[in-house]
Amino acid sequence: MADIEFFKHQRLIVLRNRGRIDPEKIEEYIAYDGYEAAAKALASMTPGDIIAEVSAAGLRGRGGAGFPTGRKWDLCRRQPAGPKYLICNGDEGDPGAFMDRSVLEADPHAILEGMIIGAKAVGAARGFIYIRDEYPLAVARVGIALWQAQDMGLLGRDILGTGFDFDLEVVRGAGAFVSGEETALIASIEGQRAYPRQRPPYPAERGLWGKPTVINNVETWANVPSIIRRGAAWFSGLGTETSKGTKIFSLVGKINNTGLVEVPMGIRLGDIIFGIGGGIPKGREFKAVQIGGPSGGCIPKELLDLPVDYESLTKAGAMVGSGGMIVLDEDTCMVDIALYFLRFTQEESCGKCAPCRIGTRQMAEILARITAGEGRLEDIEKLEALALTVSRGSLCGLGQTAPNPILTTLRYFRDEYLAHIVDRACPARVCKNLITFTIDPGKCVGCLLCRKNCPVNAITGERKKVHVIDQAACIKCGACFNVCPAKVQAVVKCTGEEGRALRGGTSVPKDA
Amino acid sequence: MTLTIDGRTITVEGRPTLLEAARANGIFVPSLCDHPGLDPYAACRLCLVEVKGRKGPVPACGTAAEDGMDVVTSTPELQSLRRGILELILAEHPHACLICAEKTSCDDLKSTIRKTGEVTGCVLCPVNGRCELQRVVEALGLGLVPFPSHRRPGEVRRDDPFIDRDNSLCILCGRCVRVCQEVRGASVLTFVSRGSGTVIGTALDRRLLDSGCQFCGACIDVCPTGSIAERAVRYDRPAETESKVVCPLCGQGCGLLVKSRGGRILGASPDPEGRVNHGQACVRGRFLARATVHHPRRLLMPMIRENGSLREASWEEALETAASRLGQFRDGKVTVTGSSENSCEDLFVLYRFASETLKAREVSAPWSGTAAARLREIDRAAGQTAPLNFRMSDVGRAETILLLGEDLPLTQPLVNLEVVRALRKNAVVISAGPANGHYSPAGAVDLGIPAGKEDTFLKALTAALLEISGRSTPRAHGSEMLEKSLAGFDGLLEAARLLLKGKPLLILFGPDLLKTGGAPSRMSALSNLAFVAGGRLVALDVGANLRGGLAIASAFAARFSGAAENPGGSAGPAPRALYVAGPMPKIRPAGAELVIVQGSYMDEQAEAADILLPETTAFEAAGTTVNVEGRIQVSGAAIGPLGEARPGWSILNSLAAKLGTPGSAYGSAEEVRRDLVQAVPAFAALGPPSGPSVEMFLIEEAAGPAVFVGAGPGRPPKPEKAPAAPGGPDVYKGLDLAREHKSLKLLRGRRCPRS
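The listed protein sequences correspond, in order, to chains A and B.
Residue 18 is where the first sequence starts when you use this note's numbering, and the numbers rise one by one after that.
Residue 570 is where the second sequence starts when you use this note's numbering, and the numbers rise one by one after that.
So here's chain B without its partners, still in its complex pose:
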């Protein structure tokens, strides 16, 4: 449609607001309460514009553009009205510096750091220079506030982890309250009291920690002033560089803007342009980047065990020692472990190293027992191919969602946001999980599954669906049988009816459902449930690069002799050497003559090593990862490698060279990536040079028709193997942040089972 703004004819797509239409065409309209991703609020009243034919000025943010509209965004009357309103807003905000004639020169002369509890002017404000109020004052050219100032009462709240709240800086734009409710589905922050006494707070004025806050930090990111601020960076000087990094701390693959200065990371905020996260993140990505990278237990030097204890060594010495000792254990006598926290480049070189250089029998890695791997196995066995790839937005668009036991805010924070979005669109969400407490978003139908009854539950639900849709055969599912199988599950029949209400139906499951016993049969029950309900299974695993690892592993599967024993497992002879580049169930299995650990942190595993090779974290080295959706993302590095740490691929590359493997000398991560695309067809999308606008996904087999998996032949051919423990959602490269980081520990300690 076409409309006129300030005399310019403008064509817009969809149904934008006047503010969006104006901004998209480079027309500046001041605004403080509007924020992309939030519903129009129209409270700050600065974006008032005139629309021909409408009585009085209308807020551009809350008015939908209509065909043929004639809009004027700036007249002397409008500007004077805006200035009048801004003067009033400033009467509630410390404004001395904002309207000071000396404000530009003052900044150069400022000598004190802003280490004050209360903020009385911009020079002391944590967001000085980034404050939206400053920008609006500048744009409207305010010189004086002719009203007495009204400071909001109350001290700066500093009793929560991560976040400081200072109501005296608040302009009540409501963004934090809205993002908390509309986007995060948390509704922790709220307006308290009324009129000029209104403040932002929590129910009963409790701490955020006691109000169900998950500390996603979204409120900080939307706050136009410094009212809600990240404590850790509040008193820091501004960052020098800001780099786009794909968050390695879970499988969502959020885009982060990591801020650093002088080779140190200061903090991170979610990238508003992030493909996965659109400006959202979780407590890990938002607050823990700095603590993860600059952890006191970081390995910064290669080490060699000498006389029973580890000593620092040069890379040359460490690599030489490692190569000469590893050389004795080729051909199946060495076990290699990999990690889902490494990049695809690292893993590709690791698999090459294991198969070509060491000729190991396999690489043991945490993806063998994942939901995605299990789903793939059952599909293979049954002869069907359902896609593993999905898009986060599919979840938000679903009409019906069955959530099976996953604690989404903890393990899949971004998927959780899509569930919240679906709920806001009145989708049916059924949350089934352990009867003694599981995650269930507000507005979801809650079903409890008694412990150990997971298989029965899935079968009963399938039976109920067959019964309702009139497809049950008398032989298999007589009503008596049905009643029997439904016994013990309250509300299951009603839930089954709801499940059939709207399509698309997505069934979200993750390792939580599969972790207890009988996984193969549970997987086939799950597959049948999806088949009968006409829904799609979405496997939600936790590791950062699990899907990437899985794709590389399956490409290399044929190159290994296989049938290796689980490292440290009971069956078969124990391997005599270990190359540890991933989590191990046992620290140092009996009979191991050589343990080489390639890792980033000094932990029990590293302490048991004979040779320690320090590896960079994902924040220090560029690399490719594949997130839970199957989305391939290339991450940048925020800072250079710390200490002597090197990227995993580089370490393995040097080691392979020392061991005399031809044709494996990579000079850069790009070279590895080129080879990866050649060798692993799933990564084909990564091959052609692509602009930032192209979305890349793993290539999958074409989906085939779904089938009912019989009870008997559905078993996977391989014997069940205990998956290597990934450690939990807060573990990065063996570093348990929930234990190591004081604030996260506090938060996780509060986590109680919810129902």
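If we strip away everything but chain A, and leave its shape as in the complex, we get:
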């Protein structure tokens, strides 16, 4: 596999069992060293040993924020005795990421094992795996895994005869993006509305039902068995100075090889996109990659050498976040993409705190205005001020990061905003209000395809004769553009002055 570009750059730790074992058979997991780490931790390690190992490995939260896992566990362990809880956060709300789902479905026992180890480390007797209900297969497979582990004495009372008790149960998510925020998720398990609350106190101090609670992402838990089994030194040998181990990304969008990729931390961004991903299809040009989910940021092609780790991504304006990587090609309008993500965060804002609830809406409306060609120069200033208010003022991570798509596109693609506002043009020819479809008379072969496909009969023309689009009737659906044969390419999109001239409209005054 070392010669295949797609596999060459990958290093499978969390995904090692994917497709290799039957996730519904605990025996197969055990056959690949499964539950060896749990046995080791329960039989021969003290809670302090486990936490020291996880800390030395340098494991950081894979939910995106990258809080050191060992430190979180230690904080929880040092809380006064009493009930403590573990939670596995499987509420993967980013529509573009699916690594948690994959792990839950393909290797559920790795999560169970990680949680058993974590339970011993912090002294918890009860844990919850919170899975979004849109993942029915994950719910079913984790259920089977729990049943099998209980049956084999790996969960429940006196695990493996070590006298350690730990029970796990599945909680099905209530279906909101914000439920993935840890305090909101805890509220959701408690049966409350999934509203986040102010931290501190952190869940490790006051979590589920007010008790110390360790809440980690699916991928974090799935990393734990390997660390215990193979040692901290092995794990910390992978990655960069501050970011250790591997990270799974879901590579989607305008890229040849889509899917989940597990790469060592610190890998060059370009290696993921052009190595593993195999570049952009149809010979298009790479424009940017949107990393970290709906509130991640867009990284432009100038930063392809960026090492992929927590700090570098944050510095570039994006974040590890959900681990989603959406590749954008030259046909993507960056203002439009910012609007797309803002609409998502606006809809998914829980509504509790004022800056996020109202600010995301106002930002989305300004962006909508710009893409509609009604932007004003002061809108950019307004967006920047709003982005600051929302990111500094919001209660939880959702609001604090929601302006990222705007901030990064403004940072790297400001000229596109200006083109929309000043020239009333969409350089990527996406924003409908700013583009005009026309037929190049020199190229048109008169095949009638566009005429037949036009839903509003705006195209006139006869066989073998040049077709013409009636601009007054055109609804800019793009059907003609899509059906025009690739070797002809007579339908073209125009924008700006050129487009307006075609429509016969007057040019926009410069100061508008």
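A couple of the hints might just be wrong.
In the SDA-like style, the derived pairs of lysine to any residue whose C-alpha atoms are separated by at most 25 Å in a straight line are [claimed, not checked]:
| no. | chain 1 | residue 1 | chain 2 | residue 2 |
| --- | --- | --- | --- | --- |
| 1 | A | Lys-399 | B | Val-714 |
| 2 | A | Lys-481 | A | Gly-495 |
| 3 | B | Lys-621 | A | Glu-222 |
If you're looking for bench data, these hints aren't it; they were derived computationally from the structure.
Add chain B to chain A, keeping to what the hints say.
Only chain B this time, still in chain A's reference frame:
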């Protein structure tokens, strides 16, 4: 601990939030969602401050003060951040007037009254001038809102009694939802929908009336804007005066702030500084003050029966007639009734009048059959003294509570809040009551008692407790016996185990438990249950001044010849004259030659009177009352007496003077109070001049060790007497508000047995 706020070194007690610490030291931090008594929420984000060493600004309301913290509450960046957030908040709220340059002059020129359905600006807003948003805008100096306005959809909801809800004024601070859930335990109001579509509403968008709302009005009082408003006062002009009155409408003794203008009461809201209620009240105190005082059936003139019908008369004439006719019936031929709705001053003068002037055999009053009186009787008989006094906060601090059949939200709304508080602290609450439906707060263990099995239930529970704690003797409680006695009570053994889990254990009971048959034996069973469980009995009676009346009655007990017959009762000769200053079981007993009624409302009792003497309500006259806790409170008057009405003590005082009793001429309520303290030792706490910070309670005998009350000798010496009917929790001085007030009638009509 010590911390620094804005460069000032500040020492704080306990574990306050940064906002509390700042406010306590006079440092203003703008805030909209925080409210005393509610958990930190940190949603409005206006109280963001900077703490050295913390990343980014933190909300002062949601951050606990820590020793050595260095806090800055105001920097140009913070102010600009706050303004940015406030601009966003205002984009969801009608704000034209808030940022208008003419707003100060506009108010003077405003000509229309704000009788509009929808509020589009401050000049039309019911809370104009009291709106917290106005204050924050003022403090932050906002001049412009650079965003398009988003009005929340939906009309003003006016389909509920008492309350109007207008979502377009809502800023989603969540105070109403939180007070409804955290403090009231009702969870009627909730957030509906998500994100910018979030609104405050009820489950399935039903009316409050159909959502289990008890209309305590707490949501109105916490609302920073006019989003939730009291309909009756919404369109009123602002009040002229605001007076502190102790609510006379039940035994809780809540402090109310009664607003009035031109001698008319406009409305009332709970006093945030109220000792008993800390800013909470119930539907009666919150909404019914005006209707109670200004009821169309109020008696405003003295009346005399002439040729079979009542005619208005002057005080002089009425008193003269009353005195001359009463004079014929002294020495036991007259029966006097008293009421728990009168103040201690009224009752003290009444008892003096009855014993000294009329030489009546006793004063018949509704406290003879109350829970407190019964508990006192059984204690006396058994030779133990358990205190009747308690504090509301004792209930909130209890680890275990056994609630026996009382419908707390109706009869003891403030005690109920303490039960809710205890539940929030994970206390065990067992609610036992009629199997066909009784009040049981959310989170309580529910036990049904089949009708007529109350005594058996108490004994079975006692037996189960003895069995569990290993104290049962084989003779008395063999396991077979136990099983037999437990039969028919599901979950009783489990409940008994729970009862022993944590101390303090409080057993709350009230007249509901005692109203059906066999009260003395039930009382001894109850006393034994408390003894075995190691718990404390808390008697919860309903009348406003029952404990005060009880204390005065026992001080006067020796002065009456006693053995009087129940007025209108079957035994013995009927009294020939009645002085009615309290409820009567029979309107006009046969053989009564003279009936004088001293009351506030024209009701059946008043209509049967020969002479009617109009008495003020508690809102019109200052007076002292003792609440269910045994707490002595001196209430002010909100307005002057209506019409010709006079305070009860004053009427009796004049009458006594006319009848020629020496040494009973009181000039003011204070003089009566001074005499009361002298004559009734239980009121000693009221004696010394006390500041507002001193809490006053009735003086009780020192508590002695508890004993097991035997089945035989535990009977009280006196024969059982049917208590005079107090009428129910919504009755004030004979006026049944649940029947008379349209909105309350609607609410009570919805009350169905809950289980």
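Contradicted hints - numbers only: The structure breaks none of the hints.
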